[in-house]
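2 protein chains.
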Amino acid sequence: MKKKITPKIMPGFMELLPAKQLAFDRMKAIVQNAYESYGFTPLDTPVLELSDVLLAKAGGETEKQIYRFTKGDTDICMRFDLTVPFSRFVAKNQNDLAFPFRRYCIGKVYRGERPQKGRFREFYQADIDIIGNEKLSVVYDAEIPSIMYQVLTTLGLKRFHIRMNNRKLLKGFYASLGLEEQSADILRLVDKIDKIGAENVRLGLKDLNVPLEICDQILSFVEIDGTSEEVLSQLSALGIENEAFKTGCEELKIVSDALMALGVPQTHYKIDLKITRGLDYYTGTVYETTVDDYPTWGAICSGGRYDNLAENYTDRKLPGIGMSIGLTRLFDLLDDVNLIRTKGQTPTDVLVLPMGDGVSYPLAVARTLREAGIKTEVYFADVKFKNKMAYANKTGSPYVIILGEDEEKEQVVSLKNMATGEQEIVSLSMIAEQLKGLLSQKEELPVIAQE
Amino acid sequence: MKKKITPKIMPGFMELLPAKQLAFDRMKAIVQNAYESYGFTPLDTPVLELSDVLLAKAGGETEKQIYRFTKGDTDICMRFDLTVPFSRFVAKNQNDLAFPFRRYCIGKVYRGERPQKGRFREFYQADIDIIGNEKLSVVYDAEIPSIMYQVLTTLGLKRFHIRMNNRKLLKGFYASLGLEEQSADILRLVDKIDKIGAENVRLGLKDLNVPLEICDQILSFVEIDGTSEEVLSQLSALGIENEAFKTGCEELKIVSDALMALGVPQTHYKIDLKITRGLDYYTGTVYETTVDDYPTWGAICSGGRYDNLAENYTDRKLPGIGMSIGLTRLFDLLDDVNLIRTKGQTPTDVLVLPMGDGVSYPLAVARTLREAGIKTEVYFADVKFKNKMAYANKTGSPYVIILGEDEEKEQVVSLKNMATGEQEIVSLSMIAEQLKGLLSQKEELPVIAQE
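Heads up: the protein sequence lines correspond to chains L and C, in order.
In case it helps, this note's numbering puts the first sequence at residues 2 to 452.
In case it helps, this note's numbering puts the second sequence at residues 2 to 452.
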């Protein structure tokens, strides 16, 4: 007999068994539905791109992680995020698109990282972006977190915060302190305050030669807390006469007011002056979403406002606002703390178990059920009843239909509710209607099993 | 200004603009729903695999087309189909799965082919397979084409034929003619009869030293035509006393009877003794689906029965039956003959156009609509009414809501039906209900616009 090859996969790749895969797919469908409910349109760009096109901007750490190879004479990259291909797409097709252009993309991206817990080499990102032609209203900056609120609550996540800040406000604040030149270093430092603590930030500021008195001002600035309204009034009370600062405050006010109109509760968003996000990209509103019970997870979705989506590819100014969820990472984190709710190994609503050799009646019953929109599987194997029920139990369909000779003769079915064990005889002409009713009463529990 | 990079993609990669992408995604969703309606469970294997695992079986043409590269010390391949990763998955997880194991997978696969019309380097496959543990009932061989019938008719395809044959029957037939040794060459030749014609097959058979009289027998065998019943009775009349032949006929009979019980009309399937499929893999039922109006397209979905899914990875015998649709190719073919129906550039049901500066009322209206399950977009840009309507027309939402100062004051909306141009005033408290009603009346036309 031929030598067998061990059927292993590479580390850093998530491959799920059916029950978990079904849960992951429910998660993906919820994200997709939420994105579409706001009128975002799907795009699907290639996983492979020409290296000189994809790497127009990349460099440093990103470039090292990229899966890059040649085939023939072509230098090829696997996409490492969804944003760069999207910017290439918009530049390429700008004359065919209607602006503001609202697109979502849920797809796999690749990073050849050293595999470690929580770091994936292949993972799903779920991105939304709204792109303006030359300009884009700041009201859209409220739509994006509103969608994320809808996504996360629909998934079943209870306690989380969408944290918002504004880069103009930060820029103006540090300018008002005369720290324009050091502002990048300071922002990077302050962004870490939740991890390293205020004292270490103070030491770091000292190393940057920030005067002691100004350190205090910075630390009390980033620790401003409260509702949006409270934070904005404290910011106003600082009396800073700087245009960028004022614009930033106004934008945050517009976003906060719009979030209220959109029905996002104040318990789930806040202004957080500590967060900054990528320094060379974002220019206005920035977001980070954290899960209250799991602060060590860091941000589970993030994004912000940028001035130029596609400056490497086009002269046209394409400002945008976007946000991204790392679905694979989020699923993995939730699964680690047993918060993923599974429902069996199959999407099947009802499993038909024929007891005899006849196939026509079981297939006809299945046909009737499928025509009524009921997901139906028929089990054909010449095994004992016990083994048939073992299959039913292992796969986990909520209902089982048992068909023996008597059932066929009388044109009925035996319907068993697998949760309660109750069994009843139902006529063939009624079974689809009855099962549809039973299934529609079943409460669809969220993917995330958080109390 | 920095030099711009041309935002191009590689040839052989399909990248769609929004209207077409939406149509493609509708197609994908229809396939997925049909697969799930038969209780198939989704799997998602990595796009990258270890070369020595993935290429356990491959060789020749396939291997040349593979995207293969090293990263660090790892020899990596991009998957070139969904079957090999699936067989690796089943071997790896055989003790956790319930058999028969029914999985579907809709995903991208990669082949570094020379790009040419209709050949893609990245394309979606949509596979279903049912895998038995040691054995698997032949009734399942009817379920697979029944699903494909459902998929294709739901897509809107009208005239197509699922052609079936059986390899045991062929094996037995050629054995009965004393042609066992040449049967592979003969099958390859006969498989081409629709392309090259009977006379060329006759010449080819002569080259294979098949006696003239037997050529006639082969040609009249492959040209047996009619309903399943008619074909089976003609086969029976041949009086061939060969076990494999008889088993093949019996299996075709079971499959035909089961297809009838499943409600697949005889107008859409037939026994076709010409088709063979891959010689080193399939062992029983084989399928090929052709579109009547476009015979040059060849098979748009195909598959069959195999004895050993995963013989490179496990000693356990895992027989299976499966079928696959090349979604990207099918979409491309349909699009070429203008059979893809698009519906605008957005999934949006209703576009809200605020006329003034106020944002709260438009956002509150949008919230109300979204909560009722209506896909709603709000347009914020300080442009003329004409430009707002141009955006509405370009993106193609079926309804538009216009909100001026009067509407807000009176807590109403102006609802415009974009198809008819009719406009009416509806109260805020009624709008969600009314739009839901209007949208539910709209007939959802199939993706394929075939008469």
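It is possible that part of the hints are untrue.
Put simply, identical chains are the same to the list, so a pair is met inside one copy or across any two.
[Unchecked claim] Capping the alpha-carbon separation at 25 Å, the derived lysine to any residue pairs in SDA-like fashion look like this:
{"no.": "1", "residue 1": "K21", "residue 2": "I10"}
{"no.": "2", "residue 1": "K159", "residue 2": "D293"}
{"no.": "3", "residue 1": "K72", "residue 2": "I10"}
{"no.": "4", "residue 1": "K5", "residue 2": "L280"}
{"no.": "5", "residue 1": "K93", "residue 2": "T284"}
{"no.": "6", "residue 1": "K29", "residue 2": "L416"}
{"no.": "7", "residue 1": "K344", "residue 2": "Q183"}
{"no.": "8", "residue 1": "K5", "residue 2": "K318"}
{"no.": "9", "residue 1": "K254", "residue 2": "Y380"}
{"no.": "10", "residue 1": "K65", "residue 2": "I10"}
{"no.": "11", "residue 1": "K29", "residue 2": "I375"}
{"no.": "12", "residue 1": "K389", "residue 2": "R189"}
{"no.": "13", "residue 1": "K395", "residue 2": "D316"}
{"no.": "14", "residue 1": "K118", "residue 2": "A365"}
{"no.": "15", "residue 1": "K4", "residue 2": "G240"}
No wet-lab data here; the hints were simulated from the structure.
Original post:
Does the structure break any of the earlier hints, and which numbers would those be?
Top reply: 6, 7, 12, 14, 15
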